[in-house]
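**Student:** Taking the hints into account, I'd like the entire structure generated from these sequences.
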Amino acid sequence: MNLIELLITAACGLGAAIAIMSMAGLSVLAERKVCGALQGRLGPNRTTIPLLGDIPILGRMITRIGIFQLVADAAKFVFKEETIPGHVKKFYYHLAPIVVLIPALVPISVLPFGSLDGEPMILANVDIGMLVILAVSSLGVYGTVLAGWAANSKYPFLGGVRASAQMISYELAMGLAILPVFLWINQPGSDAALSLSSVVSFQETHWFVYLQPFTALLFLICLFAETNRAPFDMAESETDLVGGFHTEYGAFKFGMFFIGEYAHIVFGSALFVTLFLGGFNFLPMFASPWPAGVVGAVLSTLWFVVKVSGLIFFFIWIRWTLPRFRYDQVMTLGWKVLLPLSIVNLLVVMFILMAITPVNA
Amino acid sequence: MPGKSKVMERKPLTWAEKTYLPQVIGGLGVTFKNLMRKKVTMEYPEVKPPIPDRYRGQPALVKDPDGREKCVSCQLCEFVCPPKAITIQPGSIPDESDDIHVEKAPEEFEIDMLRCIYCGLCEEVCPEEAIFLQDIYSLNGLSREELKFKKAKLYEVGGIREDSHFKWKKKKEAEQKGNAAH
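Residue numbers (the working numbering), protein chains in the order written: chain A, 1 to 361; chain B, 1001 to 1182.
Where hints are given, some of them may not hold.
Stated by the list, open to error - With the C-beta cut set under 7 Å, the calculated list includes, among others, these residues of chain B facing chain A:
(1) 1031
(2) 1039
(3) 1134
Just so you know, the hints here were simulated from the structure itself, not pulled from any lab data. Using N, Cα and C, we set each Cβ at its ideal position, and we do this for glycine too.
**Tutor:** This is the structure:
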């Protein structure tokens, strides 16, 4: 690999990171707008930037949507005074936000996001894509635990402990909920392995969301738990743990946790879309109408983004509908309900596959 | 209350309810209905809330329809004011005035709006109906001095009140007719 190729790869990676960061930023805004709408309010609609906001019609429109609020929030995080409490463990305190943010940005590299001339567009088309995602995205919880521990005070610590317990409990069920999908695409004669681009190309005609609705449901529930999202936001749980693991953080470091959390949601939605909602494929039973060349690539990517946005809306919708589980309920659901159900589901899918696979030999 | 209370039977959860899913979907439906509902936010500086007639806002002095200042500086409001926000310097009406028979008028009338609690006792106690609480609810200033409203400011806010008492005018007329009416 020469230098030019290396630079191009690096630029693509940077582009993907920027894309997921801006999606995360926009979902923060979407969260506020949707939450407002669900509660009969308008949400942020005042913040404006001189000149930009003065453009006739368009300026007012984006002010009302609240785009500038996003800029204002970000500027606040950057310019706020950075206070570091005296009692924290300094090194780990500084390390934790980084450990949270990076695993949230990395796994996008193995996710196919569009199609160029029938070939999936992906930063790294590896056979072990799903494995990479499971391995890297679980690292995020180390940041949470580290933050809770480094803060050296009791509520963040409880938040960190809860986060790790929840992560371990739901990781199992999640892994078992993903397996049926890969069992299905790895029927005899296929070399799909754990590659996500094969999952997407397999779903050209039929989506897994109705081929395996129960698997999709199990995976979705685990996804909510893995992203520490309501009704599973045990690690934050502001009513009983002040702010949870990030209680002692402020300014830019808190901003990193915040963006990391939303990046997790964006990536989780993208993963669900890829695994169960056909990725960038148009609609089930319809051939994808993407024309050849760059136009098709852009259209398919946009369609993928539309699907992901829909799922992000669902995440937000759930958050402002359901109350938070109690900690013991989270554990009961994870170990006593989801784990056995996902094992049963795996077995059922195995038997179905046995029944429908033609036996040769 | 015996006989009035109704004991509700607590039914065991059905299988569907135990899965929690129908409830989740129902909840999502409820919130979605709210999403479609008209927003209740009132965008304040542009849209003002309706103020009821008897609203107790900023107190102000009023003049009668002839433009005569109604306050006779009896100082009842100053006396009754619970937070002692009102300070009056009584003065006399100049001899050349048409209203010399009223005898007194405030030389200075000051309401410290930082003290005022908008109780409306001044309005209630005033025998001349000279002070009224307005519908003004948003007051601000850059200094404490600025928020001590003087007489000129109070009249500017209060303006003329359209009533038909004309107490002092009638008194003068009666005097001129030699109390014939009484």
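**Student:** So, for every hint listed, does it hold in this structure?
**Tutor:** Now the hints, each set against the structure:
1. Annotation: interface hint on residue 1031/B holds; nearest CB of chain A at approximately 4 Å, less than 7 Å.
2. Interface restraint check for residue 1039/B: the shortest CB-CB distance to chain A comes to about 5 Å, inside 7 Å, so the restraint holds.
3. Here the hint on residue 1134/B is broken, as its CB sits about 28 Å from the closest CB of chain A, past 7 Å.
The structure fails hint 3 only (numbered hints given earlier).
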